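The listed protein sequences derive, respectively, from chains A and B.
Going by the numbering used here, the first sequence opens with residue 1, and the numbers climb by one from there.
Going by the numbering used here, the second sequence opens with residue 1, and the numbers climb by one from there.
What the hints contain is simulated information worked out from the structure, not anything from laboratory work.
You can't tell identical chains apart in this list, so a pair holds if it fits in one copy or across any two.
Okay, derived cross-link-like pairs now, DMTMM-like style, lysine to aspartate or glutamate, Cα gap no bigger than 20 Å in a straight line:
1. 101 to 229
2. 101 to 224
3. 173 to 138
4. 173 to 161
On a predicted model such as this, the values are computed, not experimentally measured, just so you know.
2 protein chains.
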Amino acid sequence: MKKYPVTEIFGPTVQGEGEHQGKPAYFIRFGGCDYRCEWCDTPHAVLPQAVRAAERLDAFEIVERLRSLPPGPGWVVITGGNPALHELGALVNALQEHNYKVSVETQGSRWKEWLRDCDSICVSPKPPSSGMSTNKTEQSLSDFIKEAQGTNYFLKIVVFDHADYEWAKKIHKGYFFAPMYLSAGNDAGKTVGRPDRVDNRGTREVVNDLLERARWLTNRVMVDSAMMDVQVQAQYHVLMWGNEIGH
Amino acid sequence: MKKYPVTEIFGPTVQGEGEHQGKPAYFIRFGGCDYRCEWCDTPHAVLPQAVRAAERLDAFEIVERLRSLPPGPGWVVITGGNPALHELGALVNALQEHNYKVSVETQGSRWKEWLRDCDSICVSPKPPSSGMSTNKTEQSLSDFIKEAQGTNYFLKIVVFDHADYEWAKKIHKGYFFAPMYLSAGNDAGKTVGRPDRVDNRGTREVVNDLLERARWLTNRVMVDSAMMDVQVQAQYHVLMWGNEIGH
Numbered sequence: 001m002k003k004y005p006v007t008e009i010f011g012p013t014v015q016g017e018g019e020h021q022g023k024p025a026y027f028i029r030f031g032g033c034d035y036r037c038e039w040c041d042t043p044h045a046v047l048p049q050a051v052r053a054a055e056r057l058d059a060f061e062i063v064e065r066l067r068s069l070p071p072g073p074g075w076v077v078i079t080g081g082n083p084a085l086h087e088l089g090a091l092v093n094a095l096q097e098h099n100y101k102v103s104v105e106t107q108g109s110r111w112k113e114w115l116r117d118c119d120s121i122c123v124s125p126k127p128p129s130s131g132m133s134t135n136k137t138e139q140s141l142s143d144f145i146k147e148a149q150g151t152n153y154f155l156k157i158v159v160f161d162h163a164d165y166e167w168a169k170k171i172h173k174g175y176f177f178a179p180m181y182l183s184a185g186n187d188a189g190k191t192v193g194r195p196d197r198v199d200n201r202g203t204r205e206v207v208n209d210l211l212e213r214a215r216w217l218t219n220r221v222m223v224d225s226a227m228m229d230v231q232v233q234a235q236y237h238v239l240m241w242g243n244e245i246g247h
Numbered sequence: 001m002k003k004y005p006v007t008e009i010f011g012p013t014v015q016g017e018g019e020h021q022g023k024p025a026y027f028i029r030f031g032g033c034d035y036r037c038e039w040c041d042t043p044h045a046v047l048p049q050a051v052r053a054a055e056r057l058d059a060f061e062i063v064e065r066l067r068s069l070p071p072g073p074g075w076v077v078i079t080g081g082n083p084a085l086h087e088l089g090a091l092v093n094a095l096q097e098h099n100y101k102v103s104v105e106t107q108g109s110r111w112k113e114w115l116r117d118c119d120s121i122c123v124s125p126k127p128p129s130s131g132m133s134t135n136k137t138e139q140s141l142s143d144f145i146k147e148a149q150g151t152n153y154f155l156k157i158v159v160f161d162h163a164d165y166e167w168a169k170k171i172h173k174g175y176f177f178a179p180m181y182l183s184a185g186n187d188a189g190k191t192v193g194r195p196d197r198v199d200n201r202g203t204r205e206v207v208n209d210l211l212e213r214a215r216w217l218t219n220r221v222m223v224d225s226a227m228m229d230v231q232v233q234a235q236y237h238v239l240m241w242g243n244e245i246g247h
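Okay, chain A solo, but in the shape it has when bound (with noise of 0.2 Å):
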């Protein structure tokens, strides 16, 4: 069987941001990713040292180390890094036959077949506070999503400041007839498992940051004709334990 570089597998936690906020699920992380995103909040399954460190699970060891997990949670979400990079189609059906739900997230830039069979996509392009290339987003998000079509998959779009709202308004334009999430943009992802650079908040801090920021963005969002359909979040899992791993 093959096998693939996992980082973590952790919960019961809940689902933190999209459609399924709120929860109760499990997670897989994989590692390996083809974006570097200047806030990442999980290096530790994107830099290249840290996947390589990273344990290698077939999907018969990841659903067993699942079932070994105290029991709760009927979805597992499938995460990284990005885990469109892999083969997982074997993986998912294996965790169906168990009685899970499975969602995944990624950020749209490359598909596979096997993200059709999952009950659930999160497509989270990157904007521009990410310091990627929107341009290369755009082209990738608009094949993926052709591809996407008769899935059930919905669109999340992380938001730090007034460029990343316009490209999502630009997003949303485009593709308005997905499902769209706001997601208030989290500063903890700068520091978040980078021994370089320390972040002294406590929980109530980290919540209260969000939380500004989330304001911020509602506050825009809900006099804008042109996001009339959309839903302002801030990370559940967040509000609830600040930027611990393993939540």
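For chain A, the structure is supplied; the task is to place chain B on it using the hints.
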């Protein structure tokens, strides 16, 4: 044209709970309620002297009032009190003719035919901590849900304590086919709009208290196999603006 007791028309703001949490919306609050919940956070739409003092407006005047507010939201939330005490069919149709989508919030104690015309129904039966009879609530909810089949409805239950949690679980089991949201109880409801009870907490404290209860609720739900498809929430408008009336 028939006139209704209207206690507030406000917005732009966002929907605070349920399936449309975080979506921009205007709110129309109707006076009058068949319940007297211990922790009601809108006594100004419930207590008889407040309802008597409420402005009387017809459907045309309500739409005019809405259109005079700053533009933005595409949704209008009809709430109360219990708006299902009134005959609001003409208003719902007028709003939809003006291209608004209409959400309604009701405890599910009384069915009205006009509810079928709404774009979304939030059914929010009241748990034991409300002080209302759960026997009566369960009976009327059963009748309500039968009528609601074929409409776009979901269940939302506020949870303050252990007894509320167990009751929510029972309701979820009985109506497993309905999307279910659990909202962490907001203590502020015990004081808002009640001159005899003063809340000296600032917004940060209100937010922290709400998040504390949301943590308790989330920690229970996420390890409870009976709750695997519910979504836990904290009122988004409270996270944004505390307990200010008019948000």
